Amino acid sequence: MADESGLLRSTLGFWGGLLLLACSAPLAAQAPATVEVTYARDVAPIMQASCQSCHRPGSVAPMSLLTYQDARRWARSIKEQVQSRVMPPWPLDTGVGIQRFKNDQSLSDEEVETIVAWVDAGAPLGNPADMPPDIAWPAWGERWAYEERFGRPPDVVVSSPAYTVTADGMDQWPILPAVDVTAEMGVKGERWIRAVELRPATPGSASVFHHGSARVANRLPEDVYIGPGSSNSPAEVRDLQRDQLAEAAVGVEGSIFPEGTGRLLKEGDQIVFNPHFYPAKLTEDLPDVALQVGVWLYPEGVVPRPTDGDIVYDQTSMPGMEDAPLIIPPNSQATYRTSFRLEGNARIHSIRGHMHLLGAYNVVEAVYPDGRYELINKLNWDQRWHTAFLYEDDVQPLLPKGTVVIITTVFDNTRNNLAAPDPDQWVFAGNRTVDEMFRLRLGTTFYSDEDFAELVAERQGRPVASR
Amino acid sequence: MSNTRRLGSKVIGTAACTLLAATPAALSGQIVPRPALEQMDWKIRTIRDSGQPVVPAFEGWYQNPDGTYDLCFGFFNLNRAESLDVPRGPDNFIEPARFDGAQPTHFTALGEGRPQREFCAFVVNVPADIGDQRVWWNLRFAGRTYRVPGHVTLRPYMIDNLVNSVGAAMEEFEVNRQFAGAEAAPLVRVVDAQGPEARGKGGNVPAQARARVGAPLRIRLQISRPPAPDAAAADDARRDEDAPSQQSVKWTKFSGPVDAPVAFSPARAQVSVPGEHSVQATFVRPGEYVLLAQVLHGSFANQCCWTNAYVRVVVDP
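Protein chains in written order, with my numbering: chain A, 1 to 467; chain B, 1 to 317.
Hints should not be assumed to be uniformly reliable.
Unchecked claim - Each computed SDA-like pair below joins lysine to any residue, with the alpha-carbon atoms no more than 20 angstroms apart:
1) B/K250 with B/R114
2) A/K378 with A/R100
3) A/K378 with A/N417
4) A/K102 with A/P258
5) A/K281 with B/Q63
6) A/K281 with B/T153
7) A/K281 with B/D132
8) A/K378 with A/Q105
9) A/K266 with A/E190
These aren't lab readings, by the way, just hints derived from the structure by calculation. Since this is a predicted model, take the numbers as computed values, not measurements.
Based on the sequences and whatever the hints tell you, model everything.
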């Protein structure tokens, strides 16, 4: 078999491909001139806040940026990456749509200017006394992503059975045997979930973990809460999301439901893990790979408003697409536009696209029942990140019953797309990484007319999906 | 080619634009005047009853025990009602020329329901030292060429042929065997041809038959499980004997005379395996045909597992 290097990067280890390109040359000494910016005082805090959570030994990034020496070595590349807004990853068009998010990890213009000025000045250290204290980063698997936010580790941790990822280069979608939350974790009665996180729990497995989901396998359709009065979303959409508990991918740890809303976990629930492993660069079998789902619960006795969680809108199976299957011709771009009408009052708390290697972007628009139009967001797809954008509470789109949501999805199967494995191929819908998908996930809670009117009133006349 | 016509230029390579029927009523004059919307058909249909091309597909590759590779090709006939015949030649050829000849000449219409392509209808066997050479399947319709390369240079295009590798890795999970563990390309033998059993997409199931125009030809397939790879799996297999698996059989005309449809009864069927399946094929023109039976135990979309069985039929007047 001929060499495939350079055509497909591993899901997690992509930094190398990006950063190594331009950074191998040592930084040329430049006169600091009059620039006041120093690493110790100005840049180190930015690195700690926005870079080091990934750029440290044992994490997903290929190089560490924990020290001044690290940062100086990669300074030119860091400048390029932050100037081009490739890093930190925030694949969103910041020129249109809603811009306030709970998990916005992008740098401010001022932070970018600081880094650029520091590099242009020769990357000086400055006064070591200005350096902030080192952060004691946890080892892999030692701490959960949501742990700091909730001030405690998960209340319930469910581990999947171990699985051996075989080193044959093929996509693998094992459906792992169910785990009983009562028998294994002692969950009794009915408890409500405030947040849920899913992660590959085995050291070294992150590099082959494409994405994964945890589902409540025993939940019957009639048990599944789809929102007050909501016989709203299309049936096939409900089927897709009805038992989804959590999904994780690069850039998505799980779900934090809006305060006062939650999902139900019941005694006897069976959790089934369904990871997608993509061991394109695995040279030896990787044994004993397990996933873990961590659940933060509301206090016992608290019954929040049930949320629908992520509703998956699969454009492939939307009504009206029967005669327009996903077909992406070689060496071309393809645009698909679909829409659906909400039949319930929806509060949207997160948004996430999903495509594979050829995805370029999604544009999500709303046409309200009274005729007003709003562009919600343009999501710039990057197959290396599956970022879920979590809206700040006061800008979460409030989409009344009857709103038409329009999704425009663009694929790029040309050589301009460095992720395209072979632009000469015709590409179709499918599960494999080299096939394509186009899905939109909207974290959604449905409201009755009365409750929804209160929500809208709280916005005090601002546009329903206020920026 | 039996039916040549110009491809709708908006369909391929540009956009598929769909707004639901519900949309116009919800849109306001801010976008487009309401009367204009209501009079418009927003759907651009890639799939139509007729007039569309057949798109070739490279499904992937796998390596054979002798070191050679099989390149899997499929196709997507974008017509619901129109089957197409494209004889091998300038409108249907594989290059380099030494690989030409394995491809189909008949492309069955989609019919009703959600459209789906024909997965890996044939393979091109290439030598172990093929390296990065590409094998192109070219189809021409109305003066336009639709082509796709097959090659072995990308591991993500590697596919399972005989056994679902995930399933193999899942054998340790007894409870989960129903999901994946048992998926394997079945052994298929064409009973009346007295040929050997074979399995996999390579479709090495030699079979020949004779028929007459208008007289139904009965073809029987004997379908069985592959031998268990080890003692533990053999135990499983014995335990499963009381619960035979349901596998599907799909018949299509693979090649033959132009404008000569073959009627299959039934064209699709479920069969208990191990077991026997029988189909009646009726021909309207004399000539030499190849019929394809795809016996599926798994998922076409996941590229595993099925056996292609080709039956050569000489039809007399």
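Now the hints, each set against the structure:
| no. | hint | result |
| --- | --- | --- |
| 1 | B/K250 with B/R114 | holds (16 angstroms) |
| 2 | A/K378 with A/R100 | holds (13 angstroms) |
| 3 | A/K378 with A/N417 | holds (18 angstroms) |
| 4 | A/K102 with A/P258 | holds (11 angstroms) |
| 5 | A/K281 with B/Q63 | holds (18 angstroms) |
| 6 | A/K281 with B/T153 | holds (14 angstroms) |
| 7 | A/K281 with B/D132 | holds (19 angstroms) |
| 8 | A/K378 with A/Q105 | holds (17 angstroms) |
| 9 | A/K266 with A/E190 | holds (5 angstroms) |
Every hint from the earlier list agrees with this structure, and none is contradicted.
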